[in-house]
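Chains C and V, in that order, are what the protein sequence lines are.
When we follow the numbering used here, the leftmost residue of the first sequence carries the number 87, and every step to the right adds one.
When we follow the numbering used here, the leftmost residue of the second sequence carries the number 87, and every step to the right adds one.
Hint data in this document are derived by calculation from the structure and do not stem from the laboratory.
Bear in mind the structure is a predicted one, so any value in this text is a computation, not a measurement.
Just to be clear, a hint being listed does not mean it is correct.
Identical chains blur together in the list; that is why a pair holds if it fits in one copy or across any two.
To be verified - With a cut-off of at most 25 Å between alpha-carbon atoms, the simulated DMTMM-like pairs for lysine to aspartate or glutamate come out as follows:
#, residue 1, residue 2
1, K520, E510
2, K374, D246
3, K546, E370
4, K455, E256
5, K455, D129
6, K354, E510
7, K589, E497
8, K520, D459
9, K557, E196
10, K609, D342
11, K354, E437
12, K455, D253
13, K398, E245
14, K374, E353
15, K524, D230
16, K623, E573
17, K546, E534
18, K589, D559
19, K569, D246
20, K455, D105
21, K623, E560
22, K569, D458
Protein chains: 2
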Amino acid sequence: MGQMMNQPMLISSLIQHADRHFGHKEIVSRRVEGDIHRYTYRDCHRRARKMANALDILGVAMGDRVATLAWNGYRHLELYYAISGKGAVIHTINPRLYAEQISYIVNHAEDTYVFFDLSFLHLVETLSAHCKSVKGYIAMTDRDHMPAVTRIENLMCYEDLIDANHDQYEWPSFDENAASTLCYTSGTTGNPKGVLYSHRSTTLHAYASSLPDALCVSGREVVMPVVPMFHVNAWGFPYSAPLTGAKLVLPGPALDGKSLYDLIEQEKVTLSAGVPTVWLGLLEHVEKNSLTLASVSRIVIGGSACPPAMMKAFRQMYGVELIHTWGMTEMSPLGTVCTLQSHHLQLSVEERDAILAKQGHVICGVDIKIVDDIGNELPWDGRTCGNLLVRGPWVINSYFKGEGSNVLQDEWFPTGDVATINPEGYMQITDRSKDVIKSGGEWIGSIELENVAMAHPAVKQVACIGVFHPKWDERPLLVVVKKPNAEVTRDELIASFNGKVAKWWTPDDVVFVDALPIGATGKILKNEIRNQLSNHKMPTA
Amino acid sequence: MGQMMNQPMLISSLIQHADRHFGHKEIVSRRVEGDIHRYTYRDCHRRARKMANALDILGVAMGDRVATLAWNGYRHLELYYAISGKGAVIHTINPRLYAEQISYIVNHAEDTYVFFDLSFLHLVETLSAHCKSVKGYIAMTDRDHMPAVTRIENLMCYEDLIDANHDQYEWPSFDENAASTLCYTSGTTGNPKGVLYSHRSTTLHAYASSLPDALCVSGREVVMPVVPMFHVNAWGFPYSAPLTGAKLVLPGPALDGKSLYDLIEQEKVTLSAGVPTVWLGLLEHVEKNSLTLASVSRIVIGGSACPPAMMKAFRQMYGVELIHTWGMTEMSPLGTVCTLQSHHLQLSVEERDAILAKQGHVICGVDIKIVDDIGNELPWDGRTCGNLLVRGPWVINSYFKGEGSNVLQDEWFPTGDVATINPEGYMQITDRSKDVIKSGGEWIGSIELENVAMAHPAVKQVACIGVFHPKWDERPLLVVVKKPNAEVTRDELIASFNGKVAKWWTPDDVVFVDALPIGATGKILKNEIRNQLSNHKMPTA
């Protein structure tokens, strides 16, 4: 055995590190109340210790689940550290799920307490009748903002708990494999399933995700995670920012273009992260008002692929690099990030763009492979599509309480994505396996077709689905939302595919709609679109 | 317990990762034979697997120590992975130590085999008579370069072992706390002591040392570690380069200015690392020949503090940032790196230089504190000097075989350095505790006085020591090597301290010498200078 110090990797170490070594660096939050709150990592640690004492008094024990229904803000961050730090499990709930799904999740997780932002008061009132394990609800606000009347039993005030407790708290030491965090997948099929992270997986993910070729988080960055803290730990920023000493900006509930822009300008945000639809909103606001994005150098994109047209607009007009990442709730979430390597710097802009359009290269710790339907590994030639499998120390082994047990396939986790990998290890998602369009026995990747459609100046949003075709089984159909005041016809749009994809990949038809259905994590719900258009008759049929 | 995949952090994972995901990236080595060798991470992994099979046949078992006496080169890198990967312990020996020290170390470690570069043939011939545990010696060369006559018994040829074995090898899985690497301190007092790293400590150090605010290693860098692979794992680059996919350039035995320069130019090195004396040699070569350093953006400095004058010369003349790091063999080695934070970017050049002159800020995982002689923690005010203590998962717990047992002080490792820490956590070494000059009961830091002297254009090298003074106990004495053809008098040099340090810190006298004694790791041996000048009579005495 080696003779080095035996220190478990615990989440409490991260906030202790930030307090001791970056104590003065700022955390800035937009509150539900509407105003801007600012304090430091040292303040955050002090209040997290107070909250840990409060949780002790509430009887929260090692391993107990404590839920949050909250936006990105400083109180939510304090709970990240107070709950996990004391050895309990923070269960972050996506408030955009249906109320029945949320009460299913709370009951399944056996949450002991629920902390919530005032935005979710009515949701919590609905929930409280159905969640038997919950001993109390804590509104994340001060006494002045507490609801005057409520039907929630045992409602407490966050700031009262802080005020009532002292800030002396010795974070306990325990096995680094202990559970720290619970997050449910949105579960498009069946009930949501819980992913239970450990202190070890979370800490390793925080190191790896901060690497230069991952999210490149440092003490010189001002980081604004727009991706919610209720959705896979905001891609790890609540951990990687204290680890690296980055200034943290938390946008609260205001995720529209103007609110984000104001915060970016005011706090000089350098690095942000979120799903493509958020950046579409920012782009519209900036374009409409002829603004600049001077402080921002990078925006990390995940959740779904970013349309190349949007990447180009951000870079050419505003000097902002949009960086693809790919991951899953089951992966903590980061698997790949698309950054260039030394020998790419000599390539032409077009060649580099072709690389940057991919989902990227693994970060060290994660391994990937593609396999056919019977599990044989497929070549890394950049063309062959296969089912994407992953493994690594921050990848799931099994779901909470064994839901859907034996999720692994020969010790690899099957992602449900279909992808190619090129000889240099750059992976590109071509589809969700359930969204692949099967035309005459061959696979057509809907994402590539969506990218071509998005490049048309009149297109605001698009989904490509396979619909029934009597001869080919399925053929691609574009479902399009046009930009305000923009015009494009079906034939013009189909003609725009000429020379950009194989002829037999060209969509057979276009349907124009006012909006696309969006799920709880900001993704387009193709299932719902398929249901709505299941009787669509192709002109080619 | 969390429900994530249970994967031990093993050194074999790093080379597997590099093979799968950066298989085509290059490793370029200057060989002892004089020529340049180039191949890829994939080749390296293949040959490491062949060597692992060879080690199996030689009977090397889990935990056995296997020694190397070798420069930075691809065969040494293969041994890093073959030996540790199979569960044995690579023991890197500093060939610059005295032969008696080396045979003490080999016997103490009970090394089973010794791999050596041909440069060390005579050394090995001397050793072989005294090292009873060693079953065989392997010359790291091919059949053509093997010595015709030798008195080494059981001498083998590296390339014969490679050729005789196939490349199928399944790296075993075992406890990540298993020993991986053994490195002895140079031991200025008493016998050298062994530091035994684990797979866990080495892997965590590789992640942390690659972070943007640490050495910032990425797939866009071409890294040339000049710091030897026999000295604390070349600061971790043999692990962090495969982790990040950096191209690796290994300079072999040729560490003079011209040889380094040629390799830098040819391979377009972007990042290098080593002790200050090496960079002095490079600087002289570049200045003398009116060259540029176009590809290089950063040089990492460790081992001893870099004279501010040299930092300025590299930046202003060649656009190269010299970055201070600080660590120890007992720390794997990295503890602090001096990089700026967001709010420093607005400061003046002088203010930033004052920060960059410090040893830097901890990388996450390491914690530091300063204490007085009875262990009380001292304030982080940037002025108070105290004994520097460290802890972290890549910091020593005890020495190999319990030498000097109970090395920790309340679970912290006492570094033997004296330092200040400023309110932002930036640490500055003011002295080795044994080199501090104690004048009238107050401490004078010799390093600050050396920095002032180095700023004089006529000074090439300097050491400041305390010598006996009848009134003040000790007073500072400068021992100076002048630059060729440069002139400066005692009085001029002493006058140059005016206004730069407190009056009572000003050295009492100067002694000019032709050269300073340098130890095995490139550091100036102040002990020896003190012995030589113990009878020096100060003019003030």
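Problem - Index of numbered hints that the structure contradicts, given in increasing order - result: 1, 2, 7, 9, 13, 15, 19, 22
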